[in-house]
Structures are given as structure tokens and as C-alpha cells.
Amino acid sequence: MVTIKELPKEEYLLKGHAACAGCGPAIALRLLFKALGNKIFLVVPACCTTVIQGPYPYTSSAVPLQNILFESTAAASSGIVAALRQLKRDDITVVGWAGDGGTVDIGIQALSGAAERETNFIYICYDNEAYGNTGMQRSGATPYGAWTTTTPSGKQERKKDMPMIMAAHRIPYVATACPSFPVDLVNKLRKAKEIKGTKYIHILAPCPTGWRYDASKTVELGKLAVQTGLWALYEIENGKFKLDSPSDRLIDRSKRKPVRDYFTPQARFRNVTDQDIKRIEQWLDEDWERYRRLVADSASDSASYGKI
Amino acid sequence: MEQTIIDTANHIAGLAAKMARVKVVAAYPITPQTTVVEKIAEFVENGDMDAEYIRVESEHSAMVACIGAAAAGVRTFTATSSHGLALMHEALHWASGSRLPIVMAVVNRAMGAPWSIWPDFSDSLSQRDTGWLQFYCADNQEVFDTIIQAYKLCEDQRIFLPAMVCLEGFILSHTYMPVKIPDQEKIDAFLPQYKSSWTLDIEHPYSHSNLVSPEWYMEFRYMIQEAMKNAERLIPQIDREYGRLFGSTYGGLVDKYRCEDAELILLTMGTMGSEAKLAVESLRNKGLKVGSARVRVYRPFPVTEITKLAKNAQMIATIDRHVSFGMEGFLETEVKASVFNEEDSPLVAGFIAGLGGRDVTSETIEKIARKSLKWMQKGKVEKTTEWVDLRE
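So the sequence lines, in the order shown, correspond to chains A and B.
Mapping the first sequence onto this note's numbering, position 266 (from 1) lands on 266, and the numbers just tick up by one.
Mapping the second sequence onto this note's numbering, position 159 (from 1) lands on 159, and the numbers just tick up by one.
Hints in this document: simulated from the structure, not taken from any laboratory.
Any given hint could be a false lead.
[Stated by the list, open to error] Label-pair ranges, simulated between beta-carbon atoms: (1) A:A267 x B:F325: 46 to 56 Å; (2) A:K193 x B:M177: 22 to 32 Å; (3) A:K39 x B:Q225: 33 to 43 Å; (4) B:E219 x A:R260: 51 to 61 Å.
Just so you know, these numbers come straight off a predicted model, no measurement behind them.
For glycine and all other residues, C-beta sits at the position ideal for the given N, C-alpha and C.
Just need the whole structure built from these sequences, with the hints factored in.
Laid out in C-alpha cells, this is it:
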């Protein structure tokens, strides 16, 4: 486990990258490089990182980066992993790095296939809850009530629970994270690197451009997402569910900040009514009841995926 | 030791991939391709083939996994048919644009709707503009030889493009024929270890295929066009070299039969080329000056070869196992385009035949030839693009 002081000084996300000011995904990417170092191949589909890396003949990535088709991160990673096995290069870690649309919508088939095949790679979904690169259209990861350009009066459906879908694949490691908790993120990435098989990490990455909040508040917004309980930090290791700090204190609903605290700074939630909030709070209680149960079920040594 | 075996074209395609020492195969089953990948699965699980076999969840992922593996620096192979190939469409562009020498067997099958499992070229010809080289085979021996040759060609520094080796479903895919299989050592000598023009490399961390502005994009496309032109030059050379080493050659880009003094040339692709030879023999026996030319390589299109053929002929009759709806057969269009600026260019008559697996026999082709000869004597093609044996 690293502490904040022990984070590597090396920077593999180079200066001059093309992310928006206050970009949550860019912070997450920088931390990813710090956590995993430069002996990785990064596989990137169409997503904000297509832009962040900068156009030919430049790049802001100091690690080899393979751009690939939108729905294909996990398929390209599968091919690379197979080739590296043939080349006996087990010193290189293959990392898929895709947005929420590229993961929960168009890329879910290839990802599900790769996970079922027990492909040895880390797949990371950096989730800004909409198609950011194309100007904020609704995705399966957009939360209920959120404005996007294709849900101008607010999304009417709930966010897809992708980490649990991945857990249903019974892969050895599923984790959620947020760049506002950098040490937690780095430790999860490092742990994933040491595990064989498919590792899935879902990072909630606030997006000032799309969520319509002040660019200086990205870290704060990420913290609020976690403190309200709307984004829970957890790990599922070989089927054992564990809440991580500070989410581990939030089973007690009185410890959770009000949902409004998270919504108010974001103009995307401007149309959310009090009735919507009630509904969201009810869902939140259901989610946390499930987490409570999973924690309890995982307490025994023999806990495995049977309980998830 | 060189040996002659009797097997189907699909099994032969799998064997060719094994003998080419392919390192990663990613494939998804589809009729009539399935026995190619079943054969490879058998080779890999028996330990006869030292390769990773990725049993992907779709053809789209099959192609992308090949792209990933080739980018990481190994020789790759896949096979598909029809809708599987159509599903790959986007990834086909990505493979050629990335300049990765992937070789794929396409077991030709007609596109739906309505469903058909029988052969025509509507699957592969719909992928004409994806930047892939396209070979069309006439028998099982040619399938084996062409897969080996395709790796040699595609991995040449002057090419670095992917190739489809097309064989018609059932007519070849499930038909047993004798095939001469060379020594593994001889193939190894002909086809050295894979060396890509680029690979993902932690020592040289580049971003590959990242965003390109209008300042650069055209040059990348032009380089693909140049590589295609290089292939037009290299294919006959490789065919001759292969012939010297292993005994079989196919005339390079176009397999010509009795064309030297032919007034009428029957232009075909795939197995129709074999039937056309029989038709030519029969017509020659009756004193008619007919020859046949089978386009072996459709991309790059053998423009120079076709213009050379056209010089001595009065008419070229194209027989297409595919149609471009709203226009005509692909060969018909390409031949016309090839000879348009030539002096004394011959008449071009177009025929559509054999769609969805309808038989094209030597009799069918003889009938086409007789009609063409009639028009040739009149000096006029009386019907544009005739559909052969169409029900009333």
C-alpha cells in the first residue's frame, strides 16, 4: 500500500496534453501512469483520451499507446495479450482505458467476451457519465435526472451498474475508484497489476465541461459523489466484497451527505425536482442495503462469488 | 517431406496457417468457414501448432484481436464468410490503415437478406475499398499456395497491407481435392520469421493511429495506394519464385488460358475460371478463337495485364458472381475503366451469373461465349449486363 508521499515522481502523461481544464479523466490517467509505470501497453478506443493524447505527430503519452475502434478495447487487448504470451513478454501489462460509452454501451460485448475468456489484462472504465468527446450525449452510464444534449429535460432511466455486471463474470478483481481519492486509486491499480486474469476498475471521473460546474471543483465533486454515497468505493476480490474508506462508514445513512450537496454545483442536475431526489434517495438506500448485505456475506473466509 | 494429401479447401487453409507458423489466430464460427477454425483448434490443442487461438465473441472482435496481436509483433490469421466479413468492415479499414499484414481466408458466401449459405462474391467484393489485397482461388492447391504467398507479400517492406484469400463456399470449402504440401523447412526458408514495420514497444513509446489532421491524412492514404501499386509488381515475382521452389504457379495476377490469338476473352474469377477453361477447349475444338483469363488478384486490380490482353482481343466478356446494384458487375466496370483510354479498345460485354450458389458450369460459360461471339461479329453489345439463366 502506498501513501500519498510515496506516489512516484515520474510523469508519463506529458505536459501539453489536450484535456479540458479540470478534466477528471486526465487526473485519473496521470495517476494510472504513476501507479503502473511505463512497462504497459495502453489500449485506447474513441474517447476523450483520443483528444487528450494530442494529434499526430505528437503524443502526450510516454507509454506505447494503441488507438483502436470504439467498441474494441477489450478485443484489441485480447490480441495483444495473446501476442505477448507468444513473445514471452510477461513483464508488460496490457491496460484497456475506455470511456463509459465505450465500456457500458458499444464496448460491452467485447469486454464481456474478454472477461469470460479470462484474458489477463486490466480494463479501466473512466466514467464521466456521458459521451464527452462528442459533446455530452446520454450514455448507459448517465445517471437518472442528468441533462445531456440528448436528454435535454433530464435522463429518465437509471445508470447501468457496470461493476456488478463485471462481477457477474466472476473475474478475480473488480474495483470502483475516483481520482479525488488518489491513494485508493493507485493502490487498486497496483493490486490489479499483481493479479492474473481480467481485472476491472471503474473510475468515476468528474467532467466540468459536461457536468457543467466550475473547473476548479473537480476534486471536490468527486469527493461529494463518494460522501453522498452516490458513488461507493469498493473492491470485489475473488468474490469477496469490501467497502473502502471513506465509503465503509456510509452503511449508516446518517453519515451520508445530502444528495443535494452533490447536485447543486452541477448545472446538469438543474431540472431535478424534490420528487426526483426522493426517488434517488430511495434507490440509494436500496443500494446501500445491498452493500451492507454483501459486506456481511463476505465476512466469512469461505465467501466467494456465490453471494454476489 | 513433400506429400500429396486429399482434403477440403477449408482444412487446407488451416494447414497453410499452421505451416506459415502463425502465432495468433482469432476467429468466430460461421458457415461455410467453420471447418477452417475447427481444424486450427485441433492443431493448437494437439500441440501441432504453437499458437494462441482466441475464441472471440464476434467477427468484429476477431479482426480487432488480430490487429492487436499484429501490432504487438506476431503473425496472425483469421477466417470468415459473408455476414461475418460484413461485421468486420470497420476493422478491415483499421487493419489496412494501421499497415498490418494480417492474412484472412474468406470463404465466399452470398449476403442476406434473404439468408443464403451458398457462394457468390457479394461478401468480399463489398469490401473492395477497405485497402486489403484480394486473391481469388480456383482450387484447393491454389488456396494453400496463395496463403503462403500472401504472407510473403504482405510482410514485404514495400507492402505492409493485409490480404484476403478468397475461396468459394462448398465449391471449394467442403470439396476434397489432392493438394501437394511442401516441406516445412522449405516453407520456412521461403517465409522468414515475422518482422513488422512497427510494433508496440516499451523502448519506443509512440501513440499509434492517433488523430491525424487534414495536413497529413492524404499522405497516409497515398502510401497505401503506392503499396498497392508495388503489390501489382511484386505478386508476379513472388508467384514465379514460389513456382520455382514448389512447382505451382498461377500466372501472377491473371491466370490466362489460350489468350494469345483469342478474339474473344472470357474474364472470370474463382472457380468459374476452371469452368471457363473447359468452355474454351470445347469452343476451340469448333474452331472458335476464344481464350479465358481468370483475375486472380482483384485488389490491386491488374490494369496493365488487362490492357495487354485487350490489345489483341476484339471483345472481352466479363462473368461476375456479384452485382453492384444500380450499376453492373464489378469486373465489367473495372475492365471498362482499365481499357477506356486505350486505342482500339475492345468491346466489353457483361454477364451476371452464379449468384447465391447457382451453378456456373462450362456449358453456362459456353452459352455466354456464343452470345458474345454473335455480338462481336455484329460489332455491337446488344444488351448491357445480361443476367444468365434468369427465371422468367
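Now the hints, each set against the structure:
1. A:A267 x B:F325: 46 to 56 Å: Taking Cβ atoms as reference, A267 (chain A) and F325 (chain B) lie about 49 Å apart, which means the hint holds.
2. A:K193 x B:M177: 22 to 32 Å: violated (51 Å)
3. A:K39 x B:Q225: 33 to 43 Å: At 37 Å between Cβs, range holds.
4. B:E219 x A:R260: 51 to 61 Å: holds (54 Å)
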